[in-house]
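Colleague: Listed below are the residues making up each chain.
2 protein chains.
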Amino acid sequence: MDRLSIIKIGGKVVETPESLTAFLLEFNKISGNKILVHGGGRSATNIAAKLGIETKMVEGRRITDEAMLDVVVMVYAGLVNKRIVAGLQALDCNAAGFSGADLDLIRAKKRPVQEIDYGFVGDIEEVNTKELRLLLNENIVPVIAPLTHNGQGLLLNTNADTIASALAVELSNIFNVNLIFCFEKKGVLSDPENEESIIFDLTYNSFLEYKQDGVVNAGMIPKLDNGFNAIKNGVKEVLITNAENIATGRGTRLFMGDRF
Amino acid sequence: MDRLSIIKIGGKVVETPESLTAFLLEFNKISGNKILVHGGGRSATNIAAKLGIETKMVEGRRITDEAMLDVVVMVYAGLVNKRIVAGLQALDCNAAGFSGADLDLIRAKKRPVQEIDYGFVGDIEEVNTKELRLLLNENIVPVIAPLTHNGQGLLLNTNADTIASALAVELSNIFNVNLIFCFEKKGVLSDPENEESIIFDLTYNSFLEYKQDGVVNAGMIPKLDNGFNAIKNGVKEVLITNAENIATGRGTRLFMGDRF
Chain W
8 MDRLSIIKIG
18 GKVVETPESL
28 TAFLLEFNKI
38 SGNKILVHGG
48 GRSATNIAAK
58 LGIETKMVEG
68 RRITDEAMLD
78 VVVMVYAGLV
88 NKRIVAGLQA
98 LDCNAAGFSG
108 ADLDLIRAKK
118 RPVQEIDYGF
128 VGDIEEVNTK
138 ELRLLLNENI
148 VPVIAPLTHN
158 GQGLLLNTNA
168 DTIASALAVE
178 LSNIFNVNLI
188 FCFEKKGVLS
198 DPENEESIIF
208 DLTYNSFLEY
218 KQDGVVNAGM
228 IPKLDNGFNA
238 IKNGVKEVLI
248 TNAENIATGR
258 GTRLFMGDRF
Chain E
8 MDRLSIIKIG
18 GKVVETPESL
28 TAFLLEFNKI
38 SGNKILVHGG
48 GRSATNIAAK
58 LGIETKMVEG
68 RRITDEAMLD
78 VVVMVYAGLV
88 NKRIVAGLQA
98 LDCNAAGFSG
108 ADLDLIRAKK
118 RPVQEIDYGF
128 VGDIEEVNTK
138 ELRLLLNENI
148 VPVIAPLTHN
158 GQGLLLNTNA
168 DTIASALAVE
178 LSNIFNVNLI
188 FCFEKKGVLS
198 DPENEESIIF
208 DLTYNSFLEY
218 KQDGVVNAGM
228 IPKLDNGFNA
238 IKNGVKEVLI
248 TNAENIATGR
258 GTRLFMGDRF
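Going line by line, the protein sequences match chains W and E.
Adding 7 to a residue's 1-based position in the first sequence gives its number in the working numbering.
Adding 7 to a residue's 1-based position in the second sequence gives its number in the working numbering.
One thing to keep in mind: the hints can contain errors.
[As the list claims (entries may be wrong)] Now the stretches of chain E that chain W is said to cover, found in silico as 3 or more residues with beta-carbon under 8 Å:
1) 50–63
2) 73–85
3) 89–99
4) 102–110
5) 151–163
Since the hints were made in silico from the structure, they are not lab data.
Remember, predicted model here, so these are calculated numbers, not experimental data.
For each residue, glycine too, the CB sits at the ideal point set by N, CA and C.
Between the sequences and the hints, there should be enough to build the whole structure, so can you do that?
Modeller: Have a look at this one:
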């Protein structure tokens, strides 16, 4: 099977032209098939504020009402996605940007209202990579914005980590997938005060223990849940690292270990 | 040669969910290969105003400074493009949205400053339809936002009529292209006060005469220039009509006539 790298970057990387350019140079070093999945949270918050729309977060998750949905569609699929695409084209990397509605790539259903009404947030139901594979075959680099659709005309806001993980699982049927979560730290840290305390090999077993002991911080947990979920479902490798190390492969690597 | 319909719609059609839905139902009736090119002018003006960015127009053309460029990228490639794509997917039409940067589709150069500084506006230099043809072959319907790029990381604002015409010319090498400019009127009118005074057959010769006599109004002239340019360069048919008639083919049809 051919190798495919799926790299997920947070919104912070795309916030300044400098950090975006630095990231894209590293991204461009990764050889072979690759897909970039991006967030865009902070830019959306800034634009929303300028438009007089209040950002409401519950446990780190954005509440997406109708006005906020318009903002995230504009910012994620518009501003952030096209800046990345134009930046990659400038490096002779033939990128093409998509939301989950394009090519019917990712169908989701609006999250049911339980204790919290998240609004127009989508939980993934179906990933359809037919045309994506065709484009990968032509050396196109898909750049995916964190939006899905319900198949009935409604766009939905969906977490970028979850999208990266879902794409990785779906494509692991035909590729050896290397899933990389790129954020500000060099990996998962055993001591949040010490940037060099990287846990290089993280088994599911130790993750559960770290989680219980509070070593792994709250913001990291959904990312690791997504990562281990990918490993459990056929993704070959999962790496958590920063922009400087996406091509070197240095960072925290997830393993199922002997628990499974 | 296979037939390909390229339909250009103005920003007004996408302004309300009702007019967009009505248009998409008509668009969905067109059989065979098709591409949709959209504008989005008025939505950009509204969003810019909310963001406190002033819209400057000179002779009907938007001056695109840096702040306005961000707005048009957000609105055209984000909000408008993705609403159309999600709307088409709801009709089981497998749409995919692109800007001119995606797939390196349309390269442009920033318009040189002469009497007027248009800002970040792009004049088309190169159209590259390789991957677009691949997607058409898979029954994908490309939806193109009126943005181009300069190949060096810069996105540029480009007139949607011009993009539709340039794509039509480029693709006329391998398709019998039918280019449709869809706007609010039923066609080019010989009497602007009478909505039914449609000029059904318009030759280049009569266009020049109408233009001289002031029969054809100013806003219509660039559209007709684009249309005749397409005909001169190999496009099979050019039709100017409203949303209700894109599938019926009723409206103003351009002909070179005996002048050429």
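Colleague: Sort out which numbered hints this structure fails and list those numbers smallest first.
Modeller: Those not satisfied: there are none.
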